[in-house]
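Quick note, the sequences are listed as chains A and B, same order.
Sequential numbering of the first sequence, starting at 30, is according to the numbering used here.
Sequential numbering of the second sequence, starting at 362, is according to the numbering used here.
Do not take every clue at face value.
[Unchecked claim] Within a straight-line C-alpha distance of at most 27 angstroms, the following computed DSSO-like cross-link-like pairs (lysine-lysine) qualify:
| # | chain 1 | residue 1 | chain 2 | residue 2 |
| --- | --- | --- | --- | --- |
| 1 | A | K270 | A | K206 |
| 2 | A | K101 | A | K137 |
| 3 | A | K292 | B | K591 |
| 4 | A | K206 | B | K834 |
| 5 | B | K732 | B | K522 |
| 6 | B | K474 | B | K423 |
| 7 | A | K245 | B | K567 |
| 8 | B | K749 | B | K732 |
| 9 | A | K428 | A | K412 |
| 10 | A | K381 | A | K137 |
| 11 | B | K591 | A | K291 |
| 12 | B | K591 | B | K610 |
No lab work stands behind these hints, which were simulated from the structure alone.
These figures come from a predicted structure and were not determined experimentally.
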Amino acid sequence: MLDLIVIGGGPAGLAAACSAWEGGAKNIVIVERDRELGGILNQCIHNGFGLHYFQEELTGPEYAGRFIRMLKSTGVEVRLDTMVLDVTEEKEVHIVSAAEGYRVLRAKAVILAMGCRERARGAISIPGSRPAGIFTAGAAQRYVNIEGRMVGSRILILGSGDIGLIMARRMTLEGAKVLACVELMPYSGGLNRNIVQCLQDFGIPLYLSHTIVDIKGNARVEQVTIARVDARRKPIPGTEKIFNCDTVLLSVGLIPENELSKKAGIRLDRRTNGPVVCENMETSVPGIFACGNVVHVHDLVDFVTAESQRAGAAAAEYIARGERPGCDVLELTNGDGVAYTVPQRIRRSGVKKSAEVFFRVSRVCGRSTLCVRCGDGDIAEFKRDHLAPGEMEHIVLPKALLEKCGSGNLTISVKEVSHD
Amino acid sequence: MYDVAIVGCGIIGAAAAYELSRYRLRTVVLEKRNDVCDATTKANSAIIHAGYDPEPGTLMAKLNVRGAELAQELCARLDVPYRRVGSLVLAFREEERPTLEALYRRGVRNGVKALSLLDASEAHAMEPGIAPDVAGALYAPGAAIVNPWEYGIALAETAVKNGTELRRSSEVLSIGRIDGGWRILTNRGSVDAGFVINAAGVSSDKVHNMVAAPDFTIRPIRGEYYLLDKSEGTRVSHVIFQCPTENGKGVLVSPTVHGNLIAGPNAQAVEDGGDVSNTAQGMEFVRRAALRSVPSISFRDNIRNFAGLRAACERDDFVIRAAAPGFLDLAGIKSPGLTAAPAVAEYALELLRGEGLKTEKKADWDGTRKKIRFRDLSAEEKNRLIRKNPAYGRVICRCETITEGEILDALHSPIPPRSIDGVKRRAGSGMGRCQGGFCGPRVLAILAREYHMAPEEIPQDNDGSWILSGETKRGGSADA
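Just chain A, with the same shape it has in the complex (with noise of 0.2 angstroms):
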């Protein structure tokens, strides 16, 4: 029997590993579907990464090759070119490779670390045709990136996601003419600095409000219709505006990859789309803990590395100790203004000394107050001078602090004092 199985080799999966190891967790297995490790963020070329964690600017693929390096430094054992077909309750991991067949794993513990796959365009049900042309931008970053393969030459971008607006620039600087950056909500998606740094500065105009209404071309994109839309986000008729162009890349939001873990029969969260965590990402189901995007979807790699260093960590102790009591739990809900929380419960017994809030607001506020009330009185309240959904936040919650409230639920909202 095994210590500890990392499903995913991504960046998550990584600092995982290192983490448990660290923690003396010894006879653990990476397993990694691609023919390396690193995840999404080999394809990641442009810089940007790794700010908070090593206080430079990384290259995706240089910050996961750091993480490559430590973990040689470890003992951990890695199985590449292997697909995770099947997690049960009991912790068995039933894993195919061209190499080794069918086999099936077993360990003490368990950290799932798939990441998050596309929304395609099926999730939004874009009207129109079904031409060639049409890539989540995250295929099309893959085409470029790894293959050195162009996608097309005149590009309309509907969502203004991370990707999608990395990859507005990558397209122009690849001779292509991103004609538009198309947006549904009144706001971005994505981080400032990217609006700033792969439309603005290269004049790629941001539609906020607007949406796709049609798709013309038999074959491949021809031409594609754009509308404003009104605050139910219904297209408005008379605002449309045509674009004539050969590619649509989608960058409409990303969704934790979690059909393994509704195998193993994991709580999941419907606001995330991920597996319910507490205070040191361990499931509902006990041994088995979860970091990164298959959690909820970050906007940093360095926020991922954390927290998976977080769940290695934890994953080292249930290893060693075996599992922990569940009582006395605080539920973490979502109040005005706050879209998910993560972890969603805390179990006091469980917090060192301090636990971490990570959350998503649900509209982009001004100067504001994040407000923590637990029963009937406010216990904490954190001030921000503005707040938007593309921006992952985060807040320290002292374990004393915790100690002093009651038992049931703590509610994190927003009070905006002044709008931008």
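Since the structure of chain A is provided, determine the placement of chain B on it from the hints.
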């Protein structure tokens, strides 16, 4: 000179080719697209209808019931996914119960077996997912779900395996009489044949008009669909219809053989014969109608919308007859065309014999097909397969667990796919929740490698549907 030329290789042309391949005949099939079964056959409700719907005495009624009988055994022989799940037609108000009774009587007259009328509580007991206000239902245990394009491809592949010639990307431009038969001019040269079968689907009126006076017009009716994630696949366990109206059988909700949930179609006459666009209004109509039957469907778990054309004409029945000596129309094949296909082929052969076609059975005909589906194998079988060929251990499509071995099988099949979607229709890669976002580049690389082609030459689907426009400034090398 060929004995028979078939124009069009949808399910009807493929079934005809399969039927003819039993005999010592030189048969050629002409298909204008770069793949078979790539139009109406791939975009429909994927249902084998029981046969209570068509008017008694019509060809539609006769061939529907016969086709449904043939489908089960044929699908087993061809290793095509087929599940006899049964269907329910729902009545939402007492006033709709007479419609159910009329359907029941029609079904009995058409020879449909084991039909029964259910009251509200029986209907809810059989199918808990339906709306609480359902007042009754017609239950047809013989209705089935099938993979329609695999059904068609399997028929065509088996015909090719038995000596039928297939020419793809070959569009028929004109047909003229010659001594002893017909000369068919295509964009890729001409073909002479003693007999011609017109199975051109949405274009069957145009092909008819090449040899005979116009007497019917195809007026395509578009139907739009939702295909939902497998997480929604168990909302219902039967095919759920609503009472039919003059616009057709209405919106259905059904599990698919792949484990997804399908909802659709609407019915919209389209001017442009090839317009299979989705529309906001059409999708909204389907969504609302589907929720009327099955209120719990989560449309946020939709993975794909699509639309297909019914090759309907102004007549109320299929148009199956000799349009000229030795020239057969298999036209106006709307629903239940998929169900009727093998019976249409049987009937076509009978008509061709009447036209003078001599048929002599082949001694060595093999009407079977076998396919490896890695996902469905036991652990032991998986291991045996991987030991024999490690490519079966390499998962290319993660959502559907489709291996490189299965993709290579498709590439070496009797009708090798020429596009990413061609691989999808055979191996199932890209059918899942990410819709090929992950495996698309990998399938493209395998196609380029196996066919010794540049990545830029691999289309998404039909000719002209290019994916890559060239190298980046620094270029790169694709590897699978």
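**Message:** Against the 27 angstroms threshold, does the CA-CA distance of B/K749 and B/K732 hold or violate the hint?
**Reply:** Holds, at roughly 16 angstroms.
**Message:** Would the hint linking A/K270 and A/K206 be met if the CA-CA limit is 27 angstroms?
**Reply:** At roughly 17 angstroms apart (the allowed maximum being 27 angstroms), A/K206 and A/K270 satisfy the hint.
**Prompt:** Does the structure keep A/K206 and B/K834 at a Cα separation of 27 angstroms or less?
**Reply:** holds, 15 angstroms
**Item:** Proposed proximity, B/K567 with A/K245 (alpha carbon, max 27 angstroms)
**Value:** holds, 25 angstroms
**Message:** For A/K381 and A/K137, compute the direct alpha-carbon distance and say whether it is at most 27 angstroms.
**Reply:** holds, 23 angstroms
**Message:** Given the hinted pair A/K292 and B/K591, is their Cα-Cα distance within 27 angstroms?
**Reply:** Cα-Cα ~13 angstroms, so holds.
**Request:** Take the C-alpha atoms of B/K474 and B/K423, compute the straight-line distance between them, and say whether it is at most 27 angstroms.
**Result:** holds, 14 angstroms
**Asked** Are the Cα atoms of B/K591 and B/K610 separated by 27 angstroms or less?
**Response** holds, 25 angstroms
**Asked** When you check the alpha-carbon spacing of B/K732 and B/K522, does it fall within 27 angstroms?
**Response** holds, 14 angstroms
**Prompt:** When you check the alpha-carbon spacing of A/K101 and A/K137, does it fall within 27 angstroms?
**Reply:** Holds: A/K101 and A/K137 sit about 23 angstroms apart, inside 27 angstroms.
**Asked** Under the criterion that the straight-line Cα-Cα distance not exceed 27 angstroms, is the pair B/K591, A/K291 satisfied?
**Response** holds, 12 angstroms
**Request:** Given the hint that A/K428 pairs with A/K412, test it: the Cα-Cα distance must not exceed 27 angstroms.
**Result:** holds, 20 angstroms
Checked against the numbered hints given earlier, the structure satisfies every one of them.
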